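> Sequence:
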Amino acid sequence: MKTGLEVNSLKTFQTELTRFFLAYKFALQEVETKINILQEEFKLIHEYNPIEHISTRVKSPKSILAKMMKKELPPSMEAVRENIRDIAGARITCSFVEDIYKVSAMLQAQHDIEVVEVKDYIAYPKENGYQSLHLIIKIPIFMSDHMEKVYTEIQIRTIAMDFWASLEHKIYYKYNKDVPEHIRIELKEAALQAAELDRKMERLNKEINILKENEAEPSLLDSTPISHLAKYLTELPNNQ
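All letters in the sequence shown, in the order written, are residues 1 to 240 by the UniProt record's numbering.
The set of hints was computed from the structure by calculation and includes no laboratory data.
Remember, it's a predicted structure, so these values are computed and weren't measured experimentally.
You may find that some hints are simply not true.
[Said to hold, decoys possible] Below, a list of computed lysine-lysine pairs in the DSS-like style, where the Cα atoms sit at most 25 Å apart: (1) Lys-67 to Lys-200; (2) Lys-200 to Lys-43; (3) Lys-62 to Lys-174; (4) Lys-174 to Lys-70; (5) Lys-200 to Lys-188; (6) Lys-70 to Lys-102.
Given these sequences and hints, build the entire structure.
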């Protein structure tokens, strides 16, 4: 039988473990709220939504343990908290590459977000062809008895980048990371094709925007100062 001291120790550990994971859950809720606010505001001002999709996840205990072993970390929550920075993860999918940098800039401008690291795998793709923009941030979480800043990783990518990354992950999982060389080569070629598709769609989008601007007739409100407009309205005949 367990002694009272052992039972209390287990209960304390269970509470600490639960609060440990709750902090990451709350961090993602904060991030999602910020993204949704920026999304709504951007849509209102620019009549355009740069974000196609948002997803979040908290790394499983099994994945955390595997990363602990890989990094040779001591078995303590503090070691995990400080050295594994992607336990909380958010993924933002955008329409175009330029949208990725717009969303990134808006997030980094938030005064309560501490940007720890930026990894630009779009400007500098990984060897296998992977492209995405990664932000490692710290976001404040206010618990009942303290405030703590929680590491969160945000990945921002286009639809094409996300499609490629998802399939690449499934292929590597299927082969248990021992992927044949010819498949690795074809995957990298597919990544290059996806990047070219992104560039082509962005060019088309810019051309369409230019055409829309040229076709749009100048509004009276846009071209006439308010004082002139008021004078114009007072001089209109009564029957108009």
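> Where does the structure disagree with the numbered hints, that is, which hint numbers, in rising order?
1, 6
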